[in-house]
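Taken in sequence, the protein lines are chains E and Z. Quick note on the numbering used here: the first sequence kicks off at 1 and runs consecutively. Quick note on the numbering used here: the second sequence kicks off at 1 and runs consecutively.
These are computed hints drawn from the structure, not numbers from a lab. Heads up, a few of these hints could be off.
Because identical chains cannot be distinguished in the list, a pair is counted as satisfied if it fits within a single copy or across any two copies.
[What the hints assert, rightly or not] With a straight-line cut-off of 30 Å between C-alpha atoms, the simulated BS3-like cross-links for lysine-lysine are:
#1 268 - 184
#2 154 - 322
#3 154 - 129
#4 167 - 154
#5 129 - 184
There are 2 protein chains.
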Amino acid sequence: MTPFAKVATTPSTREEVLPVLSAIADGQALSSLSARLAELRELAGSDMAETEADLATLHRPANIVAQSAHHLLDLGGKRVRPLCVALAARVGAGFSPAARHLAVAVELVHAATLLHDDVVDVGDTRRGKPTARTLYGNAASVFAGDWLLIEALKRVRQAAVPGVLDKLLFVIEEMIHAEAVQLKNRGRVGGGRTDYFHVVEGKTAALFRWAMYAGGRSAGLAESECLALESFGLHLGVAFQAIDDLLDFTGDPATTGKASLADLREGKLTYPIIIALEREPGILPALTEIAAAPGDEAPPPALCARVVEAIQSTGGYEECRKLAKGRTAQAIAALAPLPASRARAALVTVAEATLAREQ
Amino acid sequence: MTPFAKVATTPSTREEVLPVLSAIADGQALSSLSARLAELRELAGSDMAETEADLATLHRPANIVAQSAHHLLDLGGKRVRPLCVALAARVGAGFSPAARHLAVAVELVHAATLLHDDVVDVGDTRRGKPTARTLYGNAASVFAGDWLLIEALKRVRQAAVPGVLDKLLFVIEEMIHAEAVQLKNRGRVGGGRTDYFHVVEGKTAALFRWAMYAGGRSAGLAESECLALESFGLHLGVAFQAIDDLLDFTGDPATTGKASLADLREGKLTYPIIIALEREPGILPALTEIAAAPGDEAPPPALCARVVEAIQSTGGYEECRKLAKGRTAQAIAALAPLPASRARAALVTVAEATLAREQ
Numbered sequence: 001m002t003p004f005a006k007v008a009t010t011p012s013t014r015e016e017v018l019p020v021l022s023a024i025a026d027g028q029a030l031s032s033l034s035a036r037l038a039e040l041r042e043l044a045g046s047d048m049a050e051t052e053a054d055l056a057t058l059h060r061p062a063n064i065v066a067q068s069a070h071h072l073l074d075l076g077g078k079r080v081r082p083l084c085v086a087l088a089a090r091v092g093a094g095f096s097p098a099a100r101h102l103a104v105a106v107e108l109v110h111a112a113t114l115l116h117d118d119v120v121d122v123g124d125t126r127r128g129k130p131t132a133r134t135l136y137g138n139a140a141s142v143f144a145g146d147w148l149l150i151e152a153l154k155r156v157r158q159a160a161v162p163g164v165l166d167k168l169l170f171v172i173e174e175m176i177h178a179e180a181v182q183l184k185n186r187g188r189v190g191g192g193r194t195d196y197f198h199v200v201e202g203k204t205a206a207l208f209r210w211a212m213y214a215g216g217r218s219a220g221l222a223e224s225e226c227l228a229l230e231s232f233g234l235h236l237g238v239a240f241q242a243i244d245d246l247l248d249f250t251g252d253p254a255t256t257g258k259a260s261l262a263d264l265r266e267g268k269l270t271y272p273i274i275i276a277l278e279r280e281p282g283i284l285p286a287l288t289e290i291a292a293a294p295g296d297e298a299p300p301p302a303l304c305a306r307v308v309e310a311i312q313s314t315g316g317y318e319e320c321r322k323l324a325k326g327r328t329a330q331a332i333a334a335l336a337p338l339p340a341s342r343a344r345a346a347l348v349t350v351a352e353a354t355l356a357r358e359q
Numbered sequence: 001m002t003p004f005a006k007v008a009t010t011p012s013t014r015e016e017v018l019p020v021l022s023a024i025a026d027g028q029a030l031s032s033l034s035a036r037l038a039e040l041r042e043l044a045g046s047d048m049a050e051t052e053a054d055l056a057t058l059h060r061p062a063n064i065v066a067q068s069a070h071h072l073l074d075l076g077g078k079r080v081r082p083l084c085v086a087l088a089a090r091v092g093a094g095f096s097p098a099a100r101h102l103a104v105a106v107e108l109v110h111a112a113t114l115l116h117d118d119v120v121d122v123g124d125t126r127r128g129k130p131t132a133r134t135l136y137g138n139a140a141s142v143f144a145g146d147w148l149l150i151e152a153l154k155r156v157r158q159a160a161v162p163g164v165l166d167k168l169l170f171v172i173e174e175m176i177h178a179e180a181v182q183l184k185n186r187g188r189v190g191g192g193r194t195d196y197f198h199v200v201e202g203k204t205a206a207l208f209r210w211a212m213y214a215g216g217r218s219a220g221l222a223e224s225e226c227l228a229l230e231s232f233g234l235h236l237g238v239a240f241q242a243i244d245d246l247l248d249f250t251g252d253p254a255t256t257g258k259a260s261l262a263d264l265r266e267g268k269l270t271y272p273i274i275i276a277l278e279r280e281p282g283i284l285p286a287l288t289e290i291a292a293a294p295g296d297e298a299p300p301p302a303l304c305a306r307v308v309e310a311i312q313s314t315g316g317y318e319e320c321r322k323l324a325k326g327r328t329a330q331a332i333a334a335l336a337p338l339p340a341s342r343a344r345a346a347l348v349t350v351a352e353a354t355l356a357r358e359q
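Kindly produce the complete structure, drawing on both the sequences and the hints.
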């Protein structure tokens, strides 16, 4: 079992809401983490249940645009961004209705980007199920992403927390420009570390940052405290993505819900590949051939094996885990300016659980 | 020459900004309209020049997402939505920097929807040039639309006019649900009048409505006056679309920048077809065959000729012009509660010029 198990979509009890917190790989010397995850559930379980119940109230007009959006939302997900909002709020005055609006909003923005990403990447599966675009078409997915983005912004307006809407608009812009960097590198292998961090910080970490900042702001924290939370979000987001990168190679498809080597096949540069390429440039032709292959065709297994071998022999996995570990430590260090509290301790738990997750 | 000629994209003088106002078909007994268009230029020419100059300041990061967005914006356009903002503002206290932000925003929202529409409709030409998606790909167009939407919302935030941001979010939602209705009818012929007005009011008129309301609000008008302006925008938007529908059949592709019968080929229900279908249901098989044809193939000319003949014989063009005329009259009537002013007179001119436009 893993700390980031996916949530049920219509939870009826608090226990169902955070299976992310419900169990931990016992054999992995994580027994202290396991106890702290129970504490995290105690603290944030009801916030997450409220968020989930609120997400379920999103209206369901009978058209394929809304159906596409609900298809994705109903698949559930780790809801780690709403959890960030909730814990950041609990560092301050608590999880108010405004914080709940922000928690719903951050998940809707995330879902909106997934809907557009699946169209752009010609993605066929998401969370182990067919993507919305394969069921309802690309057109419906494009408009569904537009719709969820607008719904998210309406929620942020309802929250009426000063400063967070403008910050979200800037964050979404950052996400779009990160997509542009990724597009530039599509079908070729290039960019290296600079582009990698541009994409990871823009596509993943920016929204984690916002979730932390917005949660803190909703709960009356001072700007300096919100910025400390934001810094936590930045590093946590990079660590989260580095683990995602690892899971593309080492994850069990039944657990991750993604086809093995999906990122590699889509020509997405992940950190293990960057290391392998830096240390063994001879794999470039194999990578180029994999990246240039049509999206719906599996690349020759021999090529994939060649790349995986190079990652192993160059220590690509270890370096990626080191990146995740280093960023987790930076995330935790960023919390230092905040007074000790159950919520701050819970954020440390989230960061450590990010390292241990298997999906 | 026509009242709605497209604007130069980087105007250096006021005269270049509103060629929309610069000339009128002399042979069409519109000489009084011609004089009033000169008056409109006198009134709003500098507002439009400022809007155009401001649009040109939108930053240009060197990536294909931004290039896609600028490709569309640089093609120019009629800029009729910003003109609505400017004139509505001039009904009140005038065209302030806040109004200019709103004028830029409404054009950016419009451009964002065009970028997504071209992906969804597999559109190859727009404003007489290749669409952004044919030059930079569907992926870049999707993100370019996302980007312009966010830029638009940032502008509305900058304008800081109470009430207009929330209204814009609702309007964009309406636009998306109208897209959903259009998607539902894709590849088949159905829906009739109800769906037609749902789509036209959602896709076109909603944004005209917002432009008028927002302009009035930025200029300190009372809510009742803003609602009168909004009502003008609604009817003007429907009239504008009805003329667009006509131009799909009767327009000169060199003038409209669209391939002849483009709407018909894309299976979009336009008003002349609705009339023809109501009065001569026997054309349904021909329409169905045209709508079912792949987007990149021209339907058999004999089928198109059959439909065009039916529209002529059933009076489809006349009914469509009648719709546009009726709505123009309603738009003008909606202005009655407003005190007489040069700006109110200019709005009447815009409504009448909408009827006379040839592109």
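Going down the list of hints, with the structure as the test:
In this assembly of identical chains, the alpha carbons of residue 268 and residue 184 lie at most 30 Å apart only when taken from the same copy (11 Å versus 34 Å across copies). For the homomeric pair residue 154 and residue 322, neither the shortest alpha-carbon distance inside one copy (39 Å) nor that between copies (38 Å) is at most 30 Å. With identical chains, the CA atoms of residue 154 and residue 129 are at most 30 Å apart within one copy only, with a shortest distance of 29 Å there and 36 Å across copies. Taking the closest pair of Cα atoms, residue 167 and residue 154 come within 30 Å of each other both inside a single copy (14 Å) and across two copies (10 Å).
Taking the shortest Cα distances, residue 129 and residue 184 sit within 30 Å of each other both inside one copy (28 Å) and across copies (24 Å).
Of the numbered hints given earlier, the model fails hint 2 alone.
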